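Visitor: The lines below spell out each chain.
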Amino acid sequence: MLTVILLLWPVAAALLLHFFKGGAARVAAFGAALVELVLAVYAALTFNVNHTGQFSFNHEWIASAGINFHVGMDGLSLLLVLLTTFLVPIILLAAYRRKIENESVFYALVLFMETGLVGVFTAQDAFLFYFMWEVALIPIYFLAGVWGGENRAKVTFKFFLYTIVGSLFMLAAFVYLYFQTGPAASGLATHNSDIASFYNLNLSVQEQSWLFWLIFAAFAVKMPIFPFHTWQPDTYTESPAPATMLLSGIMLKMGIYGCMRWLLPVVPSGVSQWQNLVLILAIIGIIYGAIIAIRQQDVKRLIAYSSLSHVGLMAAGVFSLTQIGLQGASIQMLAHGINVVGMFFIADAIERRTGTRTIADLGGLTRQAPVLTVCFLVLLLGTVALPLTNGFVGEFLLLAGVYEYNAWMGAVAGVTIILAAVYLLRMFQRVMLGPDSSFTATFTDLTGAELAVLVPLIVLVFWIGLFPNMFLHLSEGSVMNILNEVVKR
Amino acid sequence: MNSIILLSVLGLGNLFLGFLRSNRLLLPAAMLMLALVFGINLIDWNEGAQSYFNNMLVIDNFSVAFTGVVILTTFLLIPFSQKFVRDGEANLAEYYSLLLFSLVGAVMMVAYNHLLILFVGIETLSIAMYVLAGSDKRNLRSNEAALKYFLMGSFTTGILLFGIALVYGATGTFQLSDISFAVQNPINDSLQPMLYIGMLLMLVGMGFKVSAAPFHFWTPDVYEGTPTFFAAFMSTVVKAAGFAAFLKLMVQVFPAASAQGVWLPTLTAMCALTLLLGNVGAVAQTSVKRMLAYSSVSHAGYLLIGLVAFNGQLEGASANAIFFYSLAYSVATVAAFGVLKLVADQRQREDYNGLNGLAKTNPLLAFVMTVAMLSLAGIPLTGGFFGKFFIFSAAVENGYIGLVVFAVVMSMVSIYYYLRPIIAMYMRETDVTTDEPILVSSFQSAALFVLALLTVVLGVLPGLISGIL
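As given, the protein sequences belong to chains A and B, one line each in that order.
Heads up: the first sequence runs through residues 141 to 629, numbered per the working numbering.
Heads up: the second sequence runs through residues 38 to 506, numbered per the working numbering.
Incorrect hints may appear among the rest.
Stated by the list, open to error - For the chain B half of the interface with chain A, some residues (derived, Cβ under 7 Å), not all of them:
#, residue
1, 83
2, 85
3, 188
4, 189
5, 218
6, 417
7, 433
8, 449
9, 450
10, 476
11, 499
12, 503
13, 504
Honestly, the hints are just simulated from the structure, not real lab data.
Remember, it's a predicted structure, so these values are computed and weren't measured experimentally.
Just so you know, even glycine gets a beta-carbon here, dropped at the ideal spot from N, CA and C.
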């Protein structure tokens with residue numbers, strides 16, 4: 141039942157937001173997001189790691205077709221629900237003092253999207269999962285399209301088309317799988333789409349082979365994995381900062397989570413057949429993203445390509461099919477979400493003060509803004525995966541997983557850390573150090589509201605870095621279950 | 038049956054209302070009448086099959102459901118007729134009466150059990166539509182549309198009638214169940230070619246009525262010239278009734294394996310061609326109205342998939358899918374045409390740029406249009422998604438995977454043209470011609486709100502009506 145409340149509360153709040161105007165809408169939206177966070181934390185506190193499928197709720201949705209509204213959480217879902225509910229208030233706070241037209245609609249869309257995201261992470265029925273997958277897409281399309289930069293119409297159109305085409309392939313696969321299932325436990329329908337039935341299908345190797353690509357298409361576009369990434373840098377750059385944060389901080393995790401929940405255990409032979417190819421694509425993405433990031437002149441684009449590189453490593457960890465790799469992906473999803481949101485926030489803060497994102501125009505911010513420098517440095521080192529930060533735990537486990545699968549791949553993927561240090565520290569050097577430029581002469585340090593965004597993020601950078609076991613412990617059971625399903629068939 | 042009688046009587050009564058010369062009375066009166074008929078129609082729900090006129094007409098759940106769709110659609114569409122009323126044109130009562138009479142035809146089409154009733158139903162519906170297409174008397178385009186629609190329509194009605202005659206010749210009866218029996222147990226093999234030719238000619242006639250390719254060519258031109266209000270009626274009510282009739286014909290008349298060999302490949306080819314021409318045609322349009330016309334062709338294609346994949350009964354997954362699809366499609370189309378009419382009336386333009394910046398001047402109109410476009414494109418959260426989902430599932434279940442793959446690719450194409458109005462409304466700036474807010478009466482606002490709400494409810498809780506047949 142708690143899951144249902146977690147799902148319905150944001151959308152209900154979004155509808156109520158219609159009655160608020162301007163500043164009141166901002167406060168109300170932030171309050172609603174905080175309530176959601178409290179609910180999620182409450183769920184985490186009462187969560188028992190030894191049980192699967194907790195807080196579950198199963199009710200007929202489309203009775204004639206055997207499709208149920210089945211939601212529930214295991215450790216992995218819970219981690220991502222925590223990430224979502226933690227980042228949404230942060231993102232709302234980050235929008236504070238921005239000039240936004242039609243504020244109440246903007247915030248309502250963010251909250252509406254939260255429902256979709258929580259739905260994706262908790263759905264236990266294939267069609268519900270697909271439904272939520274698209275529910276998360278529609279608000280972000282409008283957030284990016286209506287409030288975005290100059291080129292927004294073209295860029296968001298590409299984004300929408302890419303993701304919807306990818307997910308239609310997934311839907312096709314789900315429909316095929318649905319007709320392979322038997323009748324539901326109750327009711328008259330001859331098929332059902334529960335996740336448990338999908339896990340227990342007897343599919344031939346050939347079937348799994350093409351089903352793999354249909355399902356993977358949706359996730360590969362969303363993450364995005366090379367060569368399905370071409371929508372990503374433009375969309376990240378053109379979107380308003382809050383939308384970019386939603387896209388990179390949470391939405392990208394839908395792809396990784398989808399692979400873990402709806403790909404590996406559903407078509408395990410398909411996965412083992414294509415595992416090598418996907419790993420190679422992921423590693424190409426790691427290197428490619430990093431190399432392009434080095435050449436970037438635009439701070440936002442640089443972070444976008446860095447994100448592409450990092451998500452490649454997460455995908456590689458997942459497709460190593462090792463416990464350590466999957467665990468690494470779980471915790472890295474948290475770490476990356478926190479770091480990338482922080483980085484985009486700082487990029488936005490700089491852009492708002494100077495009116496430019498071009499690295500060459502910036503310089504010497506340290507002198508005017510020491511607090512900003514410290515915050516930036518912490519988040520940056522987290523992204524570079526320095527020990528004691530959150531990034532280190534995730535990347536170390538991921539690389540260990542890939543290494544366990546294939547030592548060469550592990551070695552090549554490991555270059556990501558070095559390359560990340562190259563492009564991020566170079567950017568830091570040019571933006572924060574060095575001589576002042578005409579743009580940065582009157583730079584002011586962070587305001588209280590901005591600190592309120594960054595402090596929680598920085599606390600978590602160290603918290604996850606110092607006590608990773610709290611989080612790893614949560615996802616351990618689910619990861620083991622997933623791997624058992626893979627091995628079983 | 039009650040609804041047929043009531044609609045005819047109310048249609049006549051409405052003509053007399055015209056004598057009062059009180060145009061403001063007409064719209065509420067028509068809405069009241071439709072609400073009444075809608076309620077009366079529901080009385081027959083789950084009452085079992087009741088036959089009338091020597092079994093020529095059968096009222097069962099199937100006919101009640103589709104009657105409900107056409108009446109609800111008309112009810113929600115009628116608020117957008119207000120421009121006529123405001124213009125103070127004479128004889129407005131006739132338009133409303135013609136609408137009610139055409140609904141009589143629509144009800145006959147969904148309840149027929151005898152080919153003559155089918156024919157009479159189609160004619161009753163069509164003749165009213167020929168007149169209404171030309172109702173904008175002083176507009177050349179409207180006259181052209183009416184003439185085109187009338188010439189083509191009467192020509193294909195002739196073909197349909199010819200087909201009915203040949204089927205009668207081969208089987209000796211007009212009664213659906215008797216034809217079906219005769220098709221399955223042919224007395225004389227030499228009559229089989231006659232039967233098959235009759236069947237194919239009937240396919241042509243029905244294909245024209247639902248604008249399936251290659252008999253769709255009239256659709257864009259006629260829609261463009263016809264006043265938007267009646268174009269909306271054509272693409273929703275006529276289509277829903279047409280498909281109900283078509284489905285009944287397929288299911289009850291031609292189920293025999295030998296006959297399937299003739300019409301199934303034909304229908305499959307028509308279906309694929311309709312999807313292709315409808316979607317590709319829509320991409321190339323610059324006028325929203327023409328885009329909607331091609332979109333109505335492409336939706337005929339999706340509905341044809343349901344016909345191809347039917348599983349032999351009026352209660353099966355396929356009939357349910359067609360019912361759901363017709364409702365979701367009609368609601369979304371009425372919303373789209375409704376917004377377009379309001380915008381086009383004031384701004385005097387029907388192209389995409391006419392919608393520029395609508396989100397700023399009229400947030401409600403833009404929102405409703407967006408919901409309608411997403412529904413027509415089949416994006417989740419809207420009824421259109423589940424409509425497509427049920428149709429495609431029914432087809433996959435019956436083994437038409439190739440056709441479904443093609444349809445899915447086509448619906449990817451359709452996203453392109455359905456997003457264009459959304460982009461225009463939300464992402465383009467207004468210019469001199471488009472910065473005035475559109476005037477919307479509270480009546481119309483309410484109707485638009487209900488249409489959007491209905492679309493979302495169908496998209497979130499499809500279980501409410503998904504398996505009722």
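Visitor: So, for every hint listed, does it hold in this structure?
Guide: Quick rundown of the hints versus the structure:
1. 83: violated, 16 Å
2. 85: For residue 85 of chain B, the interface hint is violated, since the closest Cβ of chain A sits about 21 Å away, which is over 7 Å.
3. 188: violated, 40 Å
4. 189: violated, 36 Å
5. 218: Violated: closest Cβ of chain A sits about 30 Å from residue 218 of chain B, beyond 7 Å.
6. 417: With a closest approach of 4 Å, the residue 417 of chain B hint holds.
7. 433: Holds: closest Cβ of chain A sits about 6 Å from residue 433 of chain B, inside 7 Å.
8. 449: Constraint on residue 449 of chain B satisfied, holds at 5 Å.
9. 450: Constraint on residue 450 of chain B not satisfied, violated at 10 Å.
10. 476: Result: violated, 22 Å to nearest chain A Cβ.
11. 499: Residue 499 of chain B check passes; min Cβ-Cβ to chain A is 5 Å, inside 7 Å.
12. 503: holds, 5 Å
13. 504: holds, 3 Å
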